[in-house]
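Asks: Got two chains here, each in a separate frame; can you build the complex from them with the hints?
As you go down the protein sequences, you meet chains A and B in turn. Reminder that position 367 of the first sequence reads as 367 in this note's numbering, one-by-one numbering, no gaps. Counting from 1 along the second sequence, just add 490 to a position and that's the residue number in this note's numbering.
You can trust all of the hints, since none of them are fake.
To spell it out: a stretch of chain A is covered by chain B in this simulated footprint if at least three of its residues, at any positions, have a beta carbon under 8 Å from a beta carbon of chain B; those stretches are:
1) 238 to 251
2) 309 to 319
3) 336 to 344
4) 356 to 363
Example chain A residues on the side facing chain B (calculated, C-beta under 7 Å, incomplete):
5) F98
6) T101
7) S213
8) R332
9) E347
10) R350
11) L382
12) V422
DSBU-like cross-link-like pairs, simulated, lysine-lysine; straight-line CA separation at most 35 Å:
13) A:K359 to B:K582
14) A:K10 to A:K258
15) A:K359 to A:K383
16) A:K240 to B:K565
17) B:K565 to A:K50
18) B:K500 to A:K383
19) A:K292 to A:K398
20) B:K565 to A:K359
21) A:K307 to A:K152
22) B:K500 to A:K307
23) A:K240 to B:K582
Hints listed in this document are in silico derivations from the structure and should not be mistaken for laboratory results. We put the CB at the ideal spot given by N, CA and C, even for glycine.
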Amino acid sequence: MADLTDLTLKAALDGLAARTFSSEEITRAHIAAVEAARPLNAYVLETPDKALDMARAADSRRAAGETAPLLGAPLGVKDLFCTDGVRTTACSNILGNFVPTYESTVTANLWRDGAVMLGKLNLDQFAMGSSNESSCFGPVVNPWRRAGSDVKLTPGGSSGGSAAAVAARLCLGATATDTGGSIRQPAAFTGTVGIKPTYGRCSRWGIVAFASSLDQAGPIARTVEDAAILLNSMAGHDPKDSTSLPAETPDFSAFIGKSVKGLRIGVPREYRADGMPAEIDALWEQGIAWLKDAGCEIVEVSLPHTKYALPAYYIIAPAEASSNLARYDGMRFGLRAEGANLIETYENTRAQGFGEEVKRRILIGTYVLSAGYYDAYYLKALKVRRRIAQDFDQAWEKVDALLTPTAPSAAFALGENADDPVAMYLNDIFTVTVNLAGLPGMSLPAGLDSAGLPLGLQLIGRALDEGTLFSLGGAIEKAANFQARPQLWW
Amino acid sequence: MAIDVATVRKVARLARIAEPEDRLAALAQELNGIITWIEQLNEVDVEGVEPMTSAEAVSLPLREDVVTEGGDPEKVLANAPRRIDGFFVVPKVVE
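Isolated chain B (complex conformation) (with noise of 0.2 Å):
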């Protein structure tokens, strides 16, 4: 098995997603399914090929720095689960 219990609970943390514990080993299992399908990807020769990042052959635009839209506060903030006075209220980040 690719992916036993072990690794979905520590790919689930690192996704930020909590998955009881009841629930792994019926992950593990499905993500399994797919994983198993999508190796036939090691029959195509990839040799020498250059991965394709984009679906469009032209290189990113560039604009000038400089501020272009801001400075509307009520509308950053208009759909925040929690604030206070102009700010996010966030759960302590630094113990």
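Just chain A, same shape as in the assembly (with noise of 0.2 Å):
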């Protein structure tokens, strides 16, 4: 038998019904390959009990003639999420053993789906970051190295360890969020599927809050199949979440294989960003081929506050971001480092739980919102937002989606960009307008550059319209024919 690590989650679950495997055994496997891992810190927490308990609860409900849509298939979940009776971090010291007695509305449906949790996936501190460095537990190393290098790269970020954890085969898939590109840019640095859905499309509930106008989870898989199976369960109405939308969930995996003919593509040409690397520009213009031998129609569009997304991003996130973490205040739950008054506790606490980019969040929101500010920044920005929106809405009047390149460039190596926030904060140029106009975004593998590191196409589709998305998604998957895998070295 081939090594049931390295099934797809469609065959994997295929062989679970054909009985051909038992949830045991994959699981086992699939948690000797983590601890056979650890050199690439994508988990921060393994729960091997936990998810054999779990393999045997899915073989008995298997043998009593039950199914379930991931049934027995076991998978990584990043530690933003909640999890009754799992130590859950957000990767911060501030957190520290903070033992959640509730689970996340999202790992709750996965759960009740029979699927099995291998552990706790590494993340930057509550997901502020493109490399995975911000980490309480260090950064993740990216299971792909250069050709002929062994210098250690990033897996990207916020959910690195999702996706290096995927892209290793480590699990099966990963859930994972996106603020401004922390699902889709770590799929693109790891040659594997990542989709943000619609804003409200999957509940928050019970996800460490970061900014809350834009944060979204969504899968990470090796397919654009194995991605629209995990999104099936994963999303749906919560009223828990006021944000979460009342809509019908489709049967993703159905809209995959569907003709993609007629289909109007729109190629924007703001993202023809200054100083791109050719590669990727080829690999753009690839991926634009693909779509045209595939009968689509494409359409040059015009998205011209594309620039502006960023900086407007880097004023409404911390904005938010310092209002949510104002509740780390050490009274409750997590750190508390005692001062001479309360005041001073909390600023101790805060001081001694906060790494470095989140407290540089934090002042920048608190600052952007403090008297005098207000509306010099933060007003301003929600107002540019409300003009990148517009731009997607022209676009639909012209197109059914979108295509671009995921990220500005391939993998970096760790360390390289940790000087200069704004540097790294560029990573997201591609991705953080699909944030802030809500939009669903995927990221797909669909080639390596030179050094054999892979490249990412992404994809943008209207509001609540992930299946054209998957379609186009499937079609470009299968010209591509991605086979490309990290070399084992760990």
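Replies: Written as structure tokens, this is what we have:
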């Protein structure tokens, strides 16, 4: 039998349904892979005992004649999702040994559908970062390396642990979240598929909050179909999140394989960023050619406010974060660093508990919301945000979806951008507009650069039109026939 | 300089983060770098544009004003840094 960790989620579910192997067997194979891959630092907490309990329970359900969409499939969970009785840290010291007494809606949906939890995955602290280097557990190492080099590369961020674990066959799929690109950029850096659904598709309840008007959960997987299967379970209306959309969840996998003939695909001219590597430009052209071959009509469109998306994001996201993270006061949960009085206790707790990037963003957010600056920065950014959303509205009059690169480079070395916050922020240049407008965006692997590293293409769709992205993603996946995988070195 | 050391000190105080005096100058420089980059937003004409406060066009739903959960102090207190007899223990708030 082939290595069970090498199966796609779909193939694993078929094998489980056919009783070719049990959930306990495929779960044990993954537990062994996770243990062997500790040098990657993808998991910050392994839960093998819980995984085996859940696997045996899945096998019992199967034996009793039950079926469920994910019955017996071992998955990884980004350590931003609260898991009942299992430590949840957001990879920040301020949460310390926080053990939730409740389960996030998204993970509860996965367990309802029979999935098995292998453990909690590393991320940039509070999901703030593009390289995983702000994690209090240290960065994840990308399983991919440049040809002939052993330089450690970032898997991207913030969902770097999720992306690395999926790429390295340490789970069949993983949960992730995306506030400015945190699903799509790591997916691009690791040769995996990631989709950030429409804002409101997945409940935010029980996910540690970063910027509430932008945060959205989604899956990272190895194929477009696997991503659809996971999103089917993760999505759905939840009364506990007032921004959760009361929309039906379609069967996303049914869109894969549907003809894309006649679909109009926009290519936004503003995404031809200065200094974009020629290889990424070439990949983009290749993607355009694939969709043309599949019968799509290619239309050049303009999104004139694109260059203002990142600066607007770096007002809105820190402003929301400074408000959301006010809850970490050392009183009810998490770290407490005593001081001479109450205020000093707050200040010491937050100084010791938060990492440097988190503090930087809280300070920026506090500044742009403070008296005298609110109108000049925060209100202005909210107006620019509407301009950006209007750009997309105008594009949808002409096209059905957009095709862009996912990130402006392939995976870079750990430490490479660490000294310049703005250079790091530029990683999200192609992804952040989608969060501001609340739209769905998918990244999928489409080729390798000359160093042998994966590069991703991004599809952007209308609100609640993930289905079209799955159809187009399926078409690109078939044309690209991306079979490359990281060489086992760990 | 838009943000000087005094501003950083004030903002850090507002944010309840203890920043040592010898960090303030470096922080001011970092924050200025970010704020200067952000100020390109001034190029955008937003005359008459409504601020966008939500990614969705729907209004927030209301629910009945009734208790839906609770009555489990053990769960609420489970992660308390300090607790006595079913209460959180916190520093003195009122002098």
